[in-house]
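Asker: Each chain, letter by letter, is given below.
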Amino acid sequence: MPISKELLEILACPKCKGDLRYVKEDPHGEGLICDNCKLFYPIKEDIPIMLIEEAIKIEKSETI
Amino acid sequence: MRCLVTGVAGFIGSHLAEALLKEGYQVTGIDCFTDYYSKELKKVNLVNLKESKNFKFIKADLLDLDLPLILKQTDWVFHLAAQAGVRASWGREFEIYTQNNVLATQKLLEASKKVKLKGFIYASSSSVYGDTNTLPTPEEVYLQPLSPYGVTKLAGEHLCYLYHKNFGIPTVALRYFTVYGPRQRPDMAFHRFLKAALLEEKIEIYGDGKQTRDFTYISDIIDVHLMVMNHLHPGEVFNIAGGTQTSLKTALALISEITGHKIKIIYKPQQKGDVRHTAADITKAKNILGYEPQVGLSDGLGAEWKWIQTIYKNY
Chain A
12 MPISKELLEI
22 LACPKCKGDL
32 RYVKEDPHGE
42 GLICDNCKLF
52 YPIKEDIPIM
62 LIEEAIKIEK
72 SETI
Chain B
3 MRCLVTGVAG
13 FIGSHLAEAL
23 LKEGYQVTGI
33 DCFTDYYSKE
43 LKKVNLVNLK
53 ESKNFKFIKA
63 DLLDLDLPLI
73 LKQTDWVFHL
83 AAQAGVRASW
93 GREFEIYTQN
103 NVLATQKLLE
113 ASKKVKLKGF
123 IYASSSSVYG
133 DTNTLPTPEE
143 VYLQPLSPYG
153 VTKLAGEHLC
163 YLYHKNFGIP
173 TVALRYFTVY
183 GPRQRPDMAF
193 HRFLKAALLE
203 EKIEIYGDGK
213 QTRDFTYISD
223 IIDVHLMVMN
233 HLHPGEVFNI
243 AGGTQTSLKT
253 ALALISEITG
263 HKIKIIYKPQ
273 QKGDVRHTAA
283 DITKAKNILG
293 YEPQVGLSDG
303 LGAEWKWIQT
313 IYKNY
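Protein chains in written order, with our numbering: chain A, 12 to 75; chain B, 3 to 317.
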């Protein structure tokens, strides 16, 4: 089951507080991407992991 | 109506979120899984909650979240997230306590200015009293915490009051007295004692065992949050306790009786930060909220004993 729209609406990048982009099947799995910080926040078992230390640094090409 | 529960994977937070869901509220839970104790135990605490379609969980640090965004969809805040532990709060560790207990509270209150909350309930602690001579202790005695942890919990209380006075945020602080029951943290006395009884381990007791606590069963603590929602008195502070003062030695004798195991005790010197006695005067909560503790020590320990046996069955 994908993450709810309601939950997505209240989440921002913990680092820059900017918008996040939801991706269902990124190379890293389901998650939220901050294009500004180039960070991928994984969603595991429908739980968004909004911890900067657990975010995955992504390459620029992955964000396009 | 939506409630935000911070520290939702913890002992009290998980029980509270379950109760709120049962009452028909929608619940957003936040927890960063601090490493104070096993993350596995916290995951187990969330199992029932994850089954509800009205529960949303965010694994995050309050200090990093965009709190105004989250509070836009929130009616009630239950701020239970904290760095726990009296004895661990000395020295360099104090910084973690100021971050998680003071700064996180201030950030949440600051964000609350921008929305119209129905209530902001803050989990305070009996540790704000320190070694008071007034027993049972009413809310208005002079507060003199004996541990750095107590200082940070008191600072959080003061922040709640001043944001209420200056910005009209409907804050209420609840001073919990030694809460126990299923899901109790593994560093807390009854959890350690019951585990030791089950596994036939020795336990260490700090002090002579004659120190007393006003033990409070988890369901009494949870009930009072629902009472506060029905009788909101912004700016107020309430003692919430079981209403009976019991020494550790007496509690240990009761544990031996309930479990059928005699626990071997090693007495260690009293630790800095530990208070000698706690006993709450709960007259204010009785009169204003209609609070009356329902679960006695024997029944409460019996329930925790059942839980302890389930979580340590594979040891």
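Worth double-checking, as some hints may not be accurate.
[Claimed, not checked] When the alpha-carbon atoms are kept at most 20 Å apart in a straight line, the in silico EDC-like pairs for lysine to aspartate or glutamate are as follows:
id	chain 1	residue 1	chain 2	residue 2
1	A	LYS16	B	ASP77
2	B	LYS45	A	GLU17
3	A	LYS28	B	ASP222
4	B	LYS61	A	GLU56
5	A	LYS28	B	ASP66
[As the list claims (entries may be wrong)] A few chain B residues facing chain A, derived, Cβ under 8 Å:
id	residue
6	LEU23
7	PHE59
8	ASP63
9	GLN75
10	LEU161
11	VAL277
12	ARG278
I should point out that these hints are in silico values taken from the structure, not numbers from a laboratory.
Note that the structure is a prediction, hence the values are computed from the model and not measured.
Positions of the beta carbon are idealized from the N, C-alpha and C atoms, including for glycine.
Asker: Can you list which hints this structure breaks, lowest number first?
Answerer: Failing hints, ascending: 2, 3, 6, 10, 11, 12.
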